[in-house]
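**Q** Sequence:
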Amino acid sequence: MSHSPEDPEADRRALQLRLRKIIGQLQAIEKTVGGDYECGEVLNQLVSARKAIKSLAEKIVLEHLEHCLEDMGPTGKSAKQLREVATMLKRYVE
Numbered sequence: 001m002s003h004s005p006e007d008p009e010a011d012r013r014a015l016q017l018r019l020r021k022i023i024g025q026l027q028a029i030e031k032t033v034g035g036d037y038e039c040g041e042v043l044n045q046l047v048s049a050r051k052a053i054k055s056l057a058e059k060i061v062l063e064h065l066e067h068c069l070e071d072m073g074p075t076g077k078s079a080k081q082l083r084e085v086a087t088m089l090k091r092y093v094e
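As numbered in our numbering, residues 1 to 94 make up the sequence shown, in order.
Derived by calculation from the structure, the hints in this document are not laboratory data.
Because the structure is a prediction, the values reported are computed rather than measured.
Yeah, the Cβ is synthetic: ideal placement off N, Cα and C, and Gly gets one too.
Watch out, some of these pointers could steer you wrong.
Stated by the list, open to error - DSSO-like mimics (lysine-lysine), calculated; alpha carbons at most 30 angstroms apart, straight line:
#1 K21 with K54
#2 K31 with K51
#3 K59 with K31
#4 K21 with K90
#5 K31 with K54
#6 K54 with K80
#7 K51 with K21
#8 K80 with K90
#9 K59 with K80
#10 K21 with K31
#11 K90 with K54
#12 K59 with K21
#13 K90 with K51
#14 K90 with K59
What the hints assert, rightly or not - Across the chosen pairs, the derived CB separations fall in these ranges:
#15 S48 with M88: 37 to 47 angstroms
#16 R20 with L46: 14 to 24 angstroms
#17 N44 with R83: 37 to 47 angstroms
#18 L56 with K90: 10 to 20 angstroms
#19 I53 with P8: 29 to 39 angstroms
#20 Y37 with P8: 36 to 46 angstroms
Full structure from sequences and hints, please.
**A** As structure tokens, this is what we get:
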């Protein structure tokens with residue numbers, strides 16, 4: 001999901017790479033918890049994964065917001081887009 005006009009495919013690949021790294025982190029956590037583990041180690045890994053997810057979400061929110069602002073015009077479409085962005089931001093900050 002990229003709205004960058006410069007190289008949307010490169011942006012998409014970058015987001016997918018970030019997501020694969022997050023998945024790898026979560027799989028490592030699952031493996032650690034499945035065996036003998038130290039709580040501190042698991043919590044550090046969870047904090048890392050949470051920060052990575054937050055960073056990915058922020059990137060997607062910003063791209064979407066930039067896209068919506070670029071496309072806004074005098075039509076009724078802009079009001080709908082603003083409602084969508086507001087809903088997305090509300091979910092994100094909860």
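**Q** Next, verify each hint and record whether it holds.
**A** To see whether the hints hold, each was checked on the structure:
Between K21 and K54 the alpha-carbon distance is near 13 angstroms, which keeps this suggested pair within the 30 angstroms criterion. Taking the CA atoms of K31 and K51, the gap is about 20 angstroms. The hint holds against a cut of 30 angstroms. For the proposed pair K59 and K31, the alpha carbon gap of about 28 angstroms is at most 30 angstroms, so the pair holds. At roughly 26 angstroms between alpha-carbon atoms, K21 and K90 fall within 30 angstroms of each other, so this suggested pair holds.
For the suggested pair K31 and K54, the alpha carbons sit about 22 angstroms apart, so the restraint of at most 30 angstroms is met. With a C-alpha separation of about 25 angstroms, the suggested pair K54 and K80 falls inside the 30 angstroms cut-off, and the hint holds. Note on K51 and K21: the hinted pairing holds, with a Cα-Cα distance of about 12 angstroms set against a maximum of 30 angstroms. Taking the CA atoms of K80 and K90, the gap is near 15 angstroms; set against the 30 angstroms cutoff, the hint holds.
Our distance criterion of 30 angstroms between C-alpha atoms is met by K59 and K80, whose separation comes to about 22 angstroms. With a C-alpha separation of about 15 angstroms, the suggested pairing of K21 with K31 holds against the 30 angstroms cut-off. Taken as a hint, the K90 and K54 pair is honoured in the structure, with Cα atoms around 14 angstroms apart against an allowance of 30 angstroms. Annotation: proposed proximity of K59 to K21 holds, straight-line Cα distance about 15 angstroms (limit 30 angstroms).
Straight-line distance between C-alpha atoms of K90 and K51 comes to about 19 angstroms, which keeps the hinted pair within the 30 angstroms bound. Restraint check: the Cα-Cα separation between K90 and K59 comes to about 16 angstroms, which is no more than 30 angstroms; the hinted pair holds. The hint said 37 to 47 angstroms for the Cβ distance between S48 and M88, and at roughly 25 angstroms that hint is violated. The hinted range of 14 to 24 angstroms is satisfied by R20 and L46, whose Cβ atoms lie roughly 18 angstroms apart.
The hinted window of 37 to 47 angstroms between N44 and R83 holds, with their beta carbons roughly 39 angstroms apart. Distance hint for L56 and K90: a CB-CB separation of about 18 angstroms, consistent with the stated range 10 to 20 angstroms. Between I53 and P8 the CB atoms are about 22 angstroms apart, so this pair departs from the stated range of 29 to 39 angstroms. Distance hint check for Y37 and P8: the Cβ-Cβ separation is about 41 angstroms, which falls inside the suggested range of 36 to 46 angstroms.
Consistency note: the structure conflicts with the earlier hints numbered 15, 19.
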